[in-house]
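**Q** Each chain, letter by letter, is given below.
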Amino acid sequence: MKRKYFILIFLFIVLCGAGVGFYLFNKPSPHASSKKPDYTLSTAELAKAFETNETQANKTYSGKVIQVSGKVTDLITDKQGLVTIQIEGTPGSSVSCIFEKDPGQLISKGDSITLKGFCAGFDDLFGEVKMHSCGLIK
Amino acid sequence: MKRFFFMVLALCSLTALQAQDRFMTRNGHIRFYSHTPMEDIDANNNQVGSIIDMKTGEIVVSALNKSFEFSRALMQEHFNENYMESDQYPKSAFKGTITNLQDVNIKKDGTYPVDVKGDLTIHGVTKAVLTKGTLEVKAGKINAVSKFNVAPEDYNITIPSLVREKIAKTMEITVDLSYEPYTK
Chain A
1 MKRKYFILIF
11 LFIVLCGAGV
21 GFYLFNKPSP
31 HASSKKPDYT
41 LSTAELAKAF
51 ETNETQANKT
61 YSGKVIQVSG
71 KVTDLITDKQ
81 GLVTIQIEGT
91 PGSSVSCIFE
101 KDPGQLISKG
111 DSITLKGFCA
121 GFDDLFGEVK
131 MHSCGLIK
Chain B
139 MKRFFFMVLA
149 LCSLTALQAQ
159 DRFMTRNGHI
169 RFYSHTPMED
179 IDANNNQVGS
189 IIDMKTGEIV
199 VSALNKSFEF
209 SRALMQEHFN
219 ENYMESDQYP
229 KSAFKGTITN
239 LQDVNIKKDG
249 TYPVDVKGDL
259 TIHGVTKAVL
269 TKGTLEVKAG
279 KINAVSKFNV
289 APEDYNITIP
299 SLVREKIAKT
309 MEITVDLSYE
319 PYTK
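Quick mapping for you: the protein sequence lines, in order, are chains A and B.
Under the numbering used here, the letters of the first sequence match residues 1 to 138, in that order.
Under the numbering used here, the letters of the second sequence match residues 139 to 322, in that order.
Check the hints yourself; a few may be wrong.
Stated by the list, open to error - Have a look at the derived ranges for each label pair, beta carbon to beta carbon:
(1) B:Ala-289 <-> A:Ala-18: 32 to 40 Å
(2) B:Lys-285 <-> A:Phe-22: 31 to 39 Å
(3) A:Ala-18 <-> B:Asp-159: 56 to 64 Å
(4) A:Thr-40 <-> B:Thr-237: 45 to 53 Å
(5) A:Thr-52 <-> B:Val-283: 33 to 41 Å
(6) A:Leu-15 <-> B:Val-301: 18 to 26 Å
(7) A:Pro-91 <-> B:Pro-251: 40 to 48 Å
(8) A:Lys-109 <-> B:Ser-299: 50 to 58 Å
(9) B:Pro-175 <-> A:Ile-13: 25 to 33 Å
(10) B:Gln-240 <-> A:Lys-36: 49 to 57 Å
(11) B:Lys-233 <-> A:Leu-15: 39 to 47 Å
(12) B:Lys-233 <-> A:Gly-19: 43 to 51 Å
(13) B:Asp-159 <-> A:Phe-22: 53 to 61 Å
Claimed, not checked - Which chain A residues stay away from chain B? Per the calculated CB distances, all over 10 Å, these:
(14) Gly-19
(15) Glu-45
(16) Gly-110
What the hints assert, rightly or not - Once the Cα atoms are required to be at most 30 Å apart in a straight line, the calculated DSS-like pairs of lysine-lysine come out as:
(17) A:Lys-79 <-> B:Lys-255
(18) B:Lys-193 <-> B:Lys-276
(19) A:Lys-71 <-> B:Lys-255
(20) A:Lys-59 <-> A:Lys-36
(21) B:Lys-279 <-> A:Lys-71
(22) A:Lys-48 <-> B:Lys-255
(23) A:Lys-27 <-> B:Lys-229
(24) A:Lys-79 <-> B:Lys-285
(25) A:Lys-35 <-> B:Lys-229
(26) A:Lys-101 <-> B:Lys-279
(27) A:Lys-101 <-> B:Lys-276
Just so you know, the hints here were simulated from the structure itself, not pulled from any lab data.
Just so you know, these numbers come straight off a predicted model, no measurement behind them.
Glycine is no exception: its CB is placed at the ideal position from the N, C-alpha and C atoms.
Isolated chain A, as found in the complex:
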């Protein structure tokens, strides 16, 4: 009798383990919009950090969820319909944010906005800090 219980409990544990494993394996990529930001700062501060010391800034911000605020300098919609918003950083570099879905409200050049997204690092080709999977906050 005792042995039967033991087997049942064992099976239960194995099933739980497999379930957790399966869940973790198939877990979708996280959306930045549903996560708490690791850092909150202005786009000027973010761009400055990468300009001053890229290695250090990569260590701090890359792969993290960050919330930034700044002034919109350009809006681009690509052929897949993804929206990229360019935000003013320093005179030498900007912050480029791609949205996972339409930002949902009308944004124009010159607007001050706050958004949240994953920071991917700095691309020196155009001097841009890149952020993806972004969601508009205001």
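Starting from the structure of chain A, add chain B where the hints point.
**A** What follows is chain B alone, placed relative to chain A:
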């Protein structure tokens, strides 16, 4: 005064002409796809930066590894931490030239096959590559498309034997860049 005005005008039109040789994109698309009977893996980067100079045929393409988005969180983590080591090598880049530029007429709408030669840098390793692609010229804009294969082992990316069966020996890379005239 009049002469000065014309000089300014001439200078302006000259720079405008020069500017037309160069095209850029900051939201180009690179997809990589690995197919094995056990598993398909694909990732997309929609933030690829590139400049193409239609006078010299030079092309530069720059992609941040952490901009690649996977459908599964675990794959993205493995890609950045175990394989690409993105903290150490944040960027992948291509620098090259179109070798048959004489066959492309950017003043005429059309689709032109091109040969591209250059250096591909991934995971800190630079290799000479040759590939084919097409340039589609339409209303003063250029859309560049290319598809080629890359073997992780060529770029010192070691894949543990435990997962070797799940990751293809060569990855299929699709590049799709929509260029606009260079402004900046």
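**Q** Check whether the Cα positions of Lys-35 of chain A and Lys-229 of chain B lie no farther apart than 30 Å.
**A** The given pair, whose Cα atoms are some 25 Å apart, holds under the 30 Å limit.
**Q** Just to be sure I understand the hint, the distance between the Cβ atoms of Asp-159 of chain B and Phe-22 of chain A should be within 53 to 61 Å; is that true here?
**A** holds (54 Å)
**Q** Look at the Cβ atoms of Ala-18 of chain A and Asp-159 of chain B and judge whether their distance stays inside 56 to 64 Å.
**A** Roughly 59 Å apart at Cβ, these two residues keep to the hinted range, so it holds.
**Q** Run the C-beta distances from Gly-19 of chain A to all of chain B and say if the shortest one exceeds 10 Å.
**A** holds (16 Å)
**Q** Next pair to validate is Lys-193 of chain B with Lys-276 of chain B; report whether the Cα-Cα distance is within 30 Å.
**A** holds (17 Å)
**Q** Measure nothing beyond the straight line between the CA atoms of Lys-101 of chain A and Lys-276 of chain B; if it is 30 Å or shorter, mark the hint as holding.
**A** holds (27 Å)
**Q** Compute the least Cβ-Cβ separation between Glu-45 of chain A and chain B, then decide whether it is above 10 Å.
**A** holds (20 Å)
**Q** With the threshold set at 30 Å, check whether the alpha-carbon distance from Lys-101 of chain A to Lys-279 of chain B stays at or below it.
**A** holds (25 Å)
**Q** Are the Cα positions of Lys-27 of chain A and Lys-229 of chain B separated by 30 Å at most?
**A** holds (26 Å)
**Q** Do Lys-109 of chain A and Ser-299 of chain B keep their Cβ atoms within the hinted range of 50 to 58 Å?
**A** holds (53 Å)
**Q** Take a look at whether the Cβ-Cβ distance between Thr-52 of chain A and Val-283 of chain B falls inside 33 to 41 Å.
**A** holds (38 Å)
**Q** Holds or violated: 18 to 26 Å for the Cβ distance of Leu-15 of chain A and Val-301 of chain B?
**A** holds (24 Å)
Of the numbered hints listed earlier, those contradicted by the structure are 11, 19 and 22.
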